[in-house]
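Using the sequences and the hints, build the whole thing.
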Amino acid sequence: SYQLDNILKLIAGQRTRSSLEILTKCHPLGDIPVISAVAACEKIADMLDILAETSTLEKYFTKDIHVDFEVTPIEHIRALVQKNWIEAFYGFCQTLGGETAHVMDEILSAEADRNVITFTLNSMGSQTDPETTAHWRRSVFPAVGTLLPIHEKLATVRSLHDLLDALREFPDFYEMCRPKTERRERNSGNTFESAARRKAVEVYRDAFCRQFHFGLFYAYVRLKSFEIDNIHWVIECIHQKMRNHIGDFLFY
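Take the UniProt record's numbering: the final residue in the sequence shown is number 252, and no numbers are missing along the way.
Fair warning: there could be bad hints in the mix.
Straight-line alpha carbon distances no greater than 27 Å define the calculated DSSO-like cross-link-like pairs of lysine-lysine that follow [claimed, not checked]:
no.: 1; residue 1: Lys-25; residue 2: Lys-153
no.: 2; residue 1: Lys-43; residue 2: Lys-25
no.: 3; residue 1: Lys-199; residue 2: Lys-153
no.: 4; residue 1: Lys-153; residue 2: Lys-9
no.: 5; residue 1: Lys-43; residue 2: Lys-9
no.: 6; residue 1: Lys-59; residue 2: Lys-25
no.: 7; residue 1: Lys-25; residue 2: Lys-241
no.: 8; residue 1: Lys-43; residue 2: Lys-59
no.: 9; residue 1: Lys-59; residue 2: Lys-9
no.: 10; residue 1: Lys-224; residue 2: Lys-199
no.: 11; residue 1: Lys-224; residue 2: Lys-241
no.: 12; residue 1: Lys-25; residue 2: Lys-9
Distance windows between CB atoms, simulated [claimed, not checked]:
no.: 13; residue 1: Lys-241; residue 2: Glu-169; range: 32 to 40 Å
no.: 14; residue 1: Ile-231; residue 2: Asp-206; range: 22 to 30 Å
no.: 15; residue 1: Ser-159; residue 2: Ala-45; range: 18 to 26 Å
no.: 16; residue 1: Ile-74; residue 2: Phe-212; range: 21 to 29 Å
no.: 17; residue 1: Arg-15; residue 2: Lys-241; range: 31 to 39 Å
no.: 18; residue 1: Ser-18; residue 2: Gln-94; range: 17 to 25 Å
no.: 19; residue 1: Thr-56; residue 2: Leu-20; range: 31 to 39 Å
no.: 20; residue 1: Leu-148; residue 2: Ala-12; range: 24 to 32 Å
no.: 21; residue 1: Ala-143; residue 2: Thr-54; range: 25 to 33 Å
Bear in mind the hints are in silico, worked out from the structure with no lab data behind them.
Note that this is a predicted model, so its numbers are computed, not measured.
C-beta: ideal position from N, C-alpha, C; glycine also.
Structure follows, in structure tokens:
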């Protein structure tokens, strides 16, 4: 996924003609031999052609996708790519069987559910007509996760009230999406994204309580990425002289 994140950064940079500058900000774990050539492309189609010839990454951008990459919002492209990656990785993990399949089912289902709710929240209140919004949501919802039975209902929600109504059968997600004013906690980190990240940490940590599986390697890398984010947040708070907010967005 680090490789896909780097490509998405370059696609976003291509639109602002700053791909070469963004190249310096790409994650080292997502490096690919042709990344410099991809960054030098003037069109997104040329980027995908290079990926098709030199790697297997291109399939995550073009599988069952009929969109104009030059005009489609980068958030939509990112959601489509994440959907294709989760579905492909989930299918691979299931072929391994055993405890690995069970652990990765829990991990990837949690990530898929988080993506579904995040995209739903971000697309509420847009100026796009309801039918188009519902179509976009259906196209980016992964066929994975505990929320799969209510994907159709989530695709058509238009307000937070509708979303909460759809999530009543899922108490954990319902609680995560409730407005801050309805909860007991009052800290500024009390958002769905924060709650979902805390839940993700729990899922990744649980992987270390199981035996004889490969899922812990994936969980280990994810937890390390949270540690890096924590360090960045602490540094930023110190730099902005906001030490009292350091604990708001630490996940461990």
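Now the hints, each set against the structure:
no., hint, result
1, Lys-25 - Lys-153, "38 Å, violated"
2, Lys-43 - Lys-25, "20 Å, holds"
3, Lys-199 - Lys-153, "23 Å, holds"
4, Lys-153 - Lys-9, "32 Å, violated"
5, Lys-43 - Lys-9, "14 Å, holds"
6, Lys-59 - Lys-25, "24 Å, holds"
7, Lys-25 - Lys-241, "25 Å, holds"
8, Lys-43 - Lys-59, "18 Å, holds"
9, Lys-59 - Lys-9, "17 Å, holds"
10, Lys-224 - Lys-199, "15 Å, holds"
11, Lys-224 - Lys-241, "26 Å, holds"
12, Lys-25 - Lys-9, "9 Å, holds"
13, Lys-241 - Glu-169: 32 to 40 Å, "45 Å, violated"
14, Ile-231 - Asp-206: 22 to 30 Å, "24 Å, holds"
15, Ser-159 - Ala-45: 18 to 26 Å, "38 Å, violated"
16, Ile-74 - Phe-212: 21 to 29 Å, "40 Å, violated"
17, Arg-15 - Lys-241: 31 to 39 Å, "34 Å, holds"
18, Ser-18 - Gln-94: 17 to 25 Å, "40 Å, violated"
19, Thr-56 - Leu-20: 31 to 39 Å, "25 Å, violated"
20, Leu-148 - Ala-12: 24 to 32 Å, "30 Å, holds"
21, Ala-143 - Thr-54: 25 to 33 Å, "28 Å, holds"
Comparing the model with each earlier hint shows violations of hints 1, 4, 13, 15, 16, 18 and 19; every other hint is respected.
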